[in-house]
Structure formats: structure tokens, C-alpha cells
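**Q** With chain A fixed as given, assemble chain B onto it according to the hints.
Residue numbers (our numbering), protein chains in the order written: chain A, 13 to 306; chain B, 13 to 306.
No lab work stands behind these hints, which were simulated from the structure alone. All values derive from a computational prediction rather than experimental measurement. Any given hint could be a false lead.
Here are some chain A residues the structure puts well away from chain B; computed CB gaps all over 10 Å [stated by the list, open to error]:
| no. | residue |
| --- | --- |
| 1 | E142 |
| 2 | I238 |
| 3 | F287 |
In silico lysine-lysine, DSBU-like type, Cα no more than 30 Å apart, as pairs [unchecked claim]:
| no. | chain 1 | residue 1 | chain 2 | residue 2 |
| --- | --- | --- | --- | --- |
| 4 | A | K254 | B | K122 |
| 5 | A | K44 | B | K178 |
| 6 | A | K290 | A | K63 |
Some chain B residues flagged as far from chain A (calculated, every beta-carbon gap over 10 Å) [said to hold, decoys possible]:
| no. | residue |
| --- | --- |
| 7 | P47 |
| 8 | R115 |
| 9 | N125 |
| 10 | D138 |
| 11 | S147 |
| 12 | V153 |
| 13 | D211 |
| 14 | K244 |
| 15 | I283 |
From the three backbone atoms N, C-alpha and C, an ideal C-beta is built for every residue, glycine too.
There are 2 protein chains.
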Amino acid sequence: MERSVVLTGQHYLAEKRAVVDRLLDEYLPSEKSYPNILHEAIRYSVLAGGKRIRPILALTAYEVFGGENDDIINPAACSLELVHTYSLIHDDLPCMDDDDLRRGIPTLHKKYNEAVAVLAGDALHDLAFELIARSGSAEVVSELAQAIGTFGMLGGQMADIEAEGKENSIEQIEFIHKRKTGALIRACVRIGAILAGADKPTLNSISLYGEKIGLAFQIIDDILDIEGDEKKLGKIVGSDCKNDKATYPGTAGLEQARQVGNQLIDEAIEIAEQFNIKKNHFVDIARFIGQRDS
Amino acid sequence: MERSVVLTGQHYLAEKRAVVDRLLDEYLPSEKSYPNILHEAIRYSVLAGGKRIRPILALTAYEVFGGENDDIINPAACSLELVHTYSLIHDDLPCMDDDDLRRGIPTLHKKYNEAVAVLAGDALHDLAFELIARSGSAEVVSELAQAIGTFGMLGGQMADIEAEGKENSIEQIEFIHKRKTGALIRACVRIGAILAGADKPTLNSISLYGEKIGLAFQIIDDILDIEGDEKKLGKIVGSDCKNDKATYPGTAGLEQARQVGNQLIDEAIEIAEQFNIKKNHFVDIARFIGQRDS
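So here's chain A without its partners, still in its complex pose (with noise of 0.2 Å):
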């Protein structure tokens, strides 16, 4: 199947995006509160931008299968990008990767310290498990916590530490992978389907999903951060080269990368394809990971 050359589904992401922004605003503590530094470092990291690609893809499911209460899925879909920016926090570390921009501006330790950026990521890591508890489903704070633990995404970024500086198999590298940012994704659209009751069958084929687009988002994320544009990321291209980091292109190559992720997002439209809903944006979501930029 061919993908259109021209965004489709943008018009719907932008309006998603922008009620995320609105949202992440509401929930996160005000920075007049104390401690003061804290909430302003936390407001800094999340309130800095980025595609929001995983709370949409929670209300997303959410909405697809049938969910109708904002109450249950606003909280649940804010908690995925407060863990999402609380592991870049940590990651950005010195003891971890060390780096020194991202979202276009200087990462949390640059900013302010090393303890305010370990106490901030704690601080996110935690909101985030009291606003998906608001959503009363205990059922979805464990698929959260096992997304994220040492069997998901930890894991991940420990394999990530390990695999430095070595060669890697192209099976190591998706065990990294799919993991270190796989797990999460999967769970975003896991959560929001689950919150709106779907069935089993449905959540084996939303899970699927996931993990193609999950995969193909990291795939990409290793591509851009080769020919990708500094100003359109916000941050320095070529830090995995420098820090010689486990990458798909860097072990198969750009071009089998290309080929993987684009068969990938292929795969996973497919897979979106069967959902018998009307307006269909996982098809949108799915092309707009493929054809990111930034």
C-alpha cells in the first residue's frame, strides 16, 4: 500500500495535541505551590512540547471502542506523556546518557541541578500513577506499571546502558527496542481500550498495533537522529553515533531501516484497517509515525 505524500489525519492530531496541552496545564501541580522549584521544573520538561503521540493514542482507543467518559480517560491519557517525560528526564542524566538539550531547550540537570532533575522525574513518575488511578480501574495502574517496569521499559533502557559501545545482532537491537519504547506505546492503546470496555479479540488486535507502531517509532527515531533536522527535533543530531549507541540503521544500515519501519507502519494500518469504525485514526496515527520529522 502506498502511503500519501501529504500528511493525512493532521487536522486531527493538531486538535488532540492541543487538548493534551490544555489538560497537562490543568493537572500538573501550579508553580506558585511548594516546593515551587520542583513544580516549575516539572512544568519546564512537560509543558516544553513534543507530539503527545502517547496520550492521543490512548484517547484514541478510547474513543474508537466506545468510551464516553472524559472523567476516566483525560487523567489516565495524561499520566503516558508524564512518564514519557519523566524517563527522558532521568535519561538525560549525566550518570546516563548526558545530554544537554531537548524539546529545544537546555534538558532539567543544565537547567537547574542534578538533584532537582532525579527529584522531578520521581515527582512525574508519581503523578502519573495518582492521575490514571483517577480513572478508579485498578486493572489499568498494573498495565501501566508493568509497561514501564523492569520487564518494559526499564529493562529497555538498561539494555540500552549494556549494549553500548558493542556490536549488536539486529534481534538485540528489537529486544531493546521494543522494550525501551515499544512497551509503553502498546500500553497507551491498551489502556485507552481497555478504560472503554473492549473485548478480548479486540485487545489482542489494538495490541498488535501497538507494537508495530511502537517499534517503528524508535526505528525512526534512530534514523532522524542521523538525517534528521536539529531545529525540527530540538535536539542534537548524531548523540547515539557519539555515545555509539544500539541503533537499527547503525547495524542494518539506513536503508533496510527505512524498509523495516515503513513495512512496519504498513503492517499496522493493515492491522487498524480491520477495526469496523467509522472515522478510523489509527490508519492517521500510524502515517503520521511513519512520516514524522521531528
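**A** For chain B alone, coordinates are given in the frame of chain A:
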């Protein structure tokens, strides 16, 4: 009320401690599973010993108020020890208190490195929410998240850092202690009581009991950092003084700190004695906290 010279309820506490140790060992991922180093680090920190006072408080509240399902309370109780350990690991980091010894063994960043310590702390923080979600109650997830967030424990840690090297009033010290240590201890008894289905007046009383022993616990911690036995404590004494920390005896003097600690314990016992229950282990626990030397 005169406190007995002999530690009362020691048998109860030792028995519960053994139960908690066994459960923690069971709940923590095996070091044979990937990421092995992270699982090793987690087990190293959690299984190094400790009084297990937080899970014991939750178990006690649950039992005392009529809870009968181990599958609900056991993971919830253990989650509280994981949260405590995560906070110690991050607190010990070089950018925070920079401590080398904890529970008689090297701190995690000394034993491994800083990256492992950051990720192991994050992993325990996360696993705590996975465990407490097994209770099936989103309400207690929310209770925990709020107790350890920026308006609770994390706010206390930030305040603690900001107070270093300054003249602090008793009010400021209490502000820090209530958040840094008190909020989680209060949440322990509340979580046990909520899961047991305690009514509102009971919840209010047990919260007050938790606040009293929580503040007493930290005041006694400050005192032990001055006149405690390093061997019993398993950490180097005098670190508060070295780091110019805001402490109760530092501001009020040792004698007044002792008096306030004793008074809080007496008040907690008075509240506990109002509960119309057979075996009042809340009294034992308050006495234990008042008389502890490690």
C-alpha cells in the same frame, strides 16, 4: 503514662518482620531474569534488612480493622517497603546526600554505579505501584501516590535540601519531617484501614495516630544520628551534622527533641487505646518506635 523498660510486643514485630521478609523475597523479580543486574541491585537493596515498620503498620491496620484477605493486603503492604527503599536509594545519590553506607553495606551507587542506582530506584518506585494495584483498589493507589508526591514525601525531600546550611525554626523542621517521613507512615495505616473497609471516624483516628508516630519516627532518627550506635544503625552517624541538615535536636537541642518524641509516642498510644479491639498492636508499634535504637 510510663513506658515499660522492656520492649513490649517485640515478639509480634519479629513475627511480622519475618512474614514481610518472606513476601518481599517472593514478590521481587529473580536475579536470573533479564535485566539481571537491575534485579540483583533491587534485591541487594530491599533484602539488606530493615525494621519493615511500614508494611507492618499496613498489615496491622488491615487485621485490626477486620480485613481477612492476604491476597489483598500482602502486596499492598510490601509496596510500602519498596517505596521506602526507592526513596533511600535516590536520597543516597552523590547529587543528593552522597552517602556511602546504608543498612551496614555500601549504598547502591557505590556497589554498582550511579546509572544502576537511578534505574533501580525507578524500578522499585514502579514495582510498588504494580504491587499495590494487585489489591484491586484504585483508591489506595491514589492514597500512596499522593503521600509520596510533591505534596508529601518528595516535597519533604526538596524542603530538606533547601533547608541545608540555614537557620531553621521548629515549624520549618516539622514541615519537612511531616512530609519527608510522616506522609508515608500515615499512608501505611490508612491504606491498611481503607482496604479493611474502616469507616470514616476510624480512618480519621488512625490517620492522627500515623501522623504522631511518623513525626516521632523522624525526630528519633535525628537523635540517633547524634548519639546512636553505628553498628546497630548500619550507617555512619553524624551525617546530618556533616551535611548541615535541618534536624529537630539541631534546632531545639537533644533534651527537648527527646521530650517531644516521647510526648508524640504517648499521644499516639492514647489514640490507639481508644480503639475497641482485642490485641492492640498499634500500642506495641508506637512503643517500639519510641524505644528503637536502630
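**Q** Among all the numbered hints in the text so far, which are the ones the structure does not match?
**A** The structure conflicts with hints 1, 7, 9, 10, 11 and 12, although it agrees with all the remaining ones.
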